[in-house]
Every structure is written in C-alpha cells, then in structure tokens.
Amino acid sequence: GAVVSQHPSRVICKSGTSVKIECRSLDFQATTMFWYRQFPKQSLMLMATSNEGSKATYEQGVEKDKFLINHASLTLSTLTVTSAHPEDSSFYICSAGSALGDIQYFGAGTRLSVL
Amino acid sequence: DAKTTQPNSMESNEEEPVHLPCNHSTISGTDYIHWYRQLPSQGPEYVIHGLTSNVNNRMASLAIAEDRKSSTLILHRATLRDAAVYYCILRFNFGNEKLTFGTGTRLTIIP
Numbered sequence: 002g003a004v005v006s007q008h009p010s011r012v013i014c015k016s017g018t019s020v021k022i023e024c025r026s027l028d029f030q031a032t033t034m035f036w037y038r039q040f041p042k043q044s045l046m047l048m049a050t051s052n053e054g055s056k057a058t059y060e061q062g063v064e065k066d067k068f069l070i071n072h073a074s075l076t077l078s079t080l081t082v083t084s085a086h087p088e089d090s091s092f093y094i095c096s097a098g099s100a101l102g103d104i105q106y107f108g109a110g111t112r113l114s115v116l
Numbered sequence: 243d244a245k246t247t248q249p250n251s252m253e254s255n256e257e258e259p260v261h262l263p264c265n266h267s268t269i270s271g272t273d274y275i276h277w278y279r280q281l282p283s284q285g286p287e288y289v290i291h292g293l294t295s296n297v298n299n300r301m302a303s304l305a306i307a308e309d310r311k312s313s314t315l316i317l318h319r320a321t322l323r324d325a326a327v328y329y330c331i332l333r334f335n336f337g338n339e340k341l342t343f344g345t346g347t348r349l350t351i352i353p
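If you read the sequences in order, they're chains A and B.
So the number in our numbering is just where the residue sits in the first sequence, counting from 1, plus 1.
So the number in our numbering is just where the residue sits in the second sequence, counting from 1, plus 242.
Don't read these hints as lab results, they were simulated from the structure.
For clarity, every value in this text was computed on a predicted model and none was experimentally measured.
Positions of the beta carbon are idealized from the N, C-alpha and C atoms, including for glycine.
Check the hints yourself; a few may be wrong.
What the hints assert, rightly or not - Computed cross-link-like contacts, DSS-like style, restricted to lysine-lysine with a CA-CA straight-line distance of at most 25 angstroms:
{"hint": "1", "chain 1": "B", "residue 1": "311", "chain 2": "B", "residue 2": "245"}
{"hint": "2", "chain 1": "A", "residue 1": "65", "chain 2": "A", "residue 2": "21"}
{"hint": "3", "chain 1": "B", "residue 1": "340", "chain 2": "B", "residue 2": "245"}
{"hint": "4", "chain 1": "B", "residue 1": "245", "chain 2": "A", "residue 2": "56"}
{"hint": "5", "chain 1": "B", "residue 1": "340", "chain 2": "A", "residue 2": "21"}
{"hint": "6", "chain 1": "A", "residue 1": "65", "chain 2": "A", "residue 2": "15"}
{"hint": "7", "chain 1": "A", "residue 1": "56", "chain 2": "A", "residue 2": "67"}
{"hint": "8", "chain 1": "B", "residue 1": "311", "chain 2": "B", "residue 2": "340"}
{"hint": "9", "chain 1": "B", "residue 1": "245", "chain 2": "A", "residue 2": "42"}
{"hint": "10", "chain 1": "A", "residue 1": "42", "chain 2": "B", "residue 2": "340"}
{"hint": "11", "chain 1": "B", "residue 1": "311", "chain 2": "A", "residue 2": "65"}
{"hint": "12", "chain 1": "A", "residue 1": "15", "chain 2": "A", "residue 2": "67"}
{"hint": "13", "chain 1": "A", "residue 1": "67", "chain 2": "B", "residue 2": "340"}
{"hint": "14", "chain 1": "A", "residue 1": "21", "chain 2": "A", "residue 2": "56"}
{"hint": "15", "chain 1": "A", "residue 1": "21", "chain 2": "A", "residue 2": "67"}
{"hint": "16", "chain 1": "A", "residue 1": "56", "chain 2": "A", "residue 2": "15"}
As the list claims (entries may be wrong) - Chain A regions said to be covered by chain B (calculated; three or more residues, Cβ under 8 angstroms):
{"hint": "17", "stretch": "15-28"}
{"hint": "18", "stretch": "42-53"}
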C-alpha cells in the first residue's frame, strides 16, 4: 500500500525553539494532507488540513501562527511548531489520502518533548 | 458529523475471533463506515471500509447491519499483534474528507 514517511520520529528541544516536522508521500501525490495531535491516553485531534499550493485550513482553537504549515509540493507537507513550550509536547501525526481519497495513509508520528 | 459509539475496551484470547461493535444510529446515506487501528506509539493504519454490503480483506471482515445503524469489525483469529485501539469512523468517501476520531476500543489480546 501507499506509504507516508514522517520525520523525525522523536525530537527533544528547549523551550522557545522551533521544530519542523516533515511528512512525505513516498509513492503517490497528495494534494491534501492532514495534521493531527495526540496527547497521552487520548484520541487523535485534527489540527489542520494542508493543501498543496494554498493556505492550510486550521481547526477551531489551533493557532495558525504557532503551527505553521507549508505544503510546497505534491509529496511534502511540513509542520513547524514555533516557539515551542512544554504544553506543546505531544505526538504529532500526519496523513495523506489515496488517489481516490477513500483511504488515509498515516505517518508513524513524531513525539515532541519540550523541556 | 454523525457520531459513532464503541465500547472503551475489550479483551480476547489469542487465536480466537474478535467481534468489535460500533453503533452509528445517525448515519447518513452518503457515509461510509471506516475502521482504522492504532498500535502503541504508531500512527493509525487503515483496516477496512464499506457502505452497505459486508466486506472482507486480508486483515478483517466488516459486517454492516441492514439498517446501517451498526456494524461489527471481525478479526478472524486474533494475534498479539492485533492489540491496538480500533476506531470506527463515518466519512464521506471522496474528495479527501477528513477523519474525525472518537475514543475507539482498546483491544487487549490475552496470550
């Protein structure tokens, strides 16, 4: 099946720094990708929809200036957590849809720990 | 979005079949029933989806009630690697619609 690669798998950073997470569709083109956040023992919460060549659509309550999304090509979307703080520590997961849009393929996730 | 209701947790013995229920009484005519699962510390993975008829693939079977208000994911012979959180999600199937995750069912497999 289609593969979505997410990098890095784990990152530890100091408070106030910015962290970039990459999400690549390896064998298919994805005009739309999704970014989720998951806190321990909780379900996935959609943060934003990343659209190739246009601005991302953010869910209510998600700060667009804090979570910058860039979808510059049909195979790459990036999420940058700017000025990270300990409360941003979480498991971030991206996904991309199949050509038909009926199946979502997920990355392995990025565990962010902000000290 | 139409909601789904799943038990918080279930246990099953290894090598036995598992039936994971999902209620979706407010399902609309254009909603497909999707199942994803999430193994510990990993991103979710697609399991199966269907509209009205029962579906089978190499991972599982999906049994859909005639009125579509409930469905059951069937793992025919559970292994330890099937221990995961299973999510039942209703979604329009085209146009890259987002997935809205509920709390899912945490499946524990007993050796």
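Hint by hint, here is what the structure shows:
no.: 1; hint: B:311 <-> B:245; result: holds, 11 angstroms
no.: 2; hint: A:65 <-> A:21; result: holds, 14 angstroms
no.: 3; hint: B:340 <-> B:245; result: holds, 14 angstroms
no.: 4; hint: B:245 <-> A:56; result: violated, 29 angstroms
no.: 5; hint: B:340 <-> A:21; result: holds, 23 angstroms
no.: 6; hint: A:65 <-> A:15; result: holds, 21 angstroms
no.: 7; hint: A:56 <-> A:67; result: holds, 14 angstroms
no.: 8; hint: B:311 <-> B:340; result: holds, 21 angstroms
no.: 9; hint: B:245 <-> A:42; result: holds, 20 angstroms
no.: 10; hint: A:42 <-> B:340; result: holds, 22 angstroms
no.: 11; hint: B:311 <-> A:65; result: violated, 37 angstroms
no.: 12; hint: A:15 <-> A:67; result: holds, 16 angstroms
no.: 13; hint: A:67 <-> B:340; result: holds, 22 angstroms
no.: 14; hint: A:21 <-> A:56; result: holds, 17 angstroms
no.: 15; hint: A:21 <-> A:67; result: holds, 12 angstroms
no.: 16; hint: A:56 <-> A:15; result: violated, 28 angstroms
no.: 17; hint: 15-28; result: violated (count 0)
no.: 18; hint: 42-53; result: holds (count 5)
Consistency with the previously given hints fails for numbers 4, 11, 16, 17, ordered from lowest to highest.
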